[in-house]
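Numbering (the working numbering), first residue to last: 3 to 115.
In case anyone wonders, no lab produced these hints; they're calculated from the structure. Be aware that one or more of the hints could be misleading.
Unchecked claim - Per label pair, the in silico range of CB-to-CB distance:
| hint | residue 1 | residue 2 | range |
| --- | --- | --- | --- |
| 1 | R20 | A61 | 23 to 31 angstroms |
| 2 | S4 | K104 | 35 to 43 angstroms |
| 3 | T83 | H31 | 44 to 52 angstroms |
Backbone N, C-alpha and C fix where the C-beta goes; we use that ideal spot for every residue, glycine too.
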Amino acid sequence: MSIIKADFGAEKRTAARRLRTLLSLSALHETNVRGNPVPYLERASERIYQLEKVLFEAAVAARPGEGEPSEDDPHNAEPVTIGRREYLRLLACRDIVETALKQLASEDSDAES
């Protein structure tokens, strides 16, 4: 006697549930996600775009601007006092943003290849 395995659409339900969860939608939307996923995929695409935009803006804000005075010039240097922990947190945040931006750029170049 053999057993026939069937998932009865469990894989599709799991994918719909995951998309619904990632978009922070209520459980009522799960049936709609399976029936007509296009609006939900558009919403996900827009959300990804917004996150990429914020990530890029954070990376730009972390770098010194073109019109800003150089930190090496003692006449333009303005001392600011912050705690060591705060400074280390800021450096860690900057590293995370730069790493994420590099990863995003490498994924984009891989997708184009």
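Status of the hints after comparison with the structure:
The supplied range of 23 to 31 angstroms is met by R20 and A61, whose beta-carbon atoms lie about 29 angstroms from each other. The hint said 35 to 43 angstroms for the Cβ distance between S4 and K104, and at roughly 51 angstroms that hint is violated. For T83 paired with H31, a C-beta distance near 50 angstroms keeps the hint of 44 to 52 angstroms intact.
The earlier numbered hint that this structure contradicts is number 2, and it is the only one.
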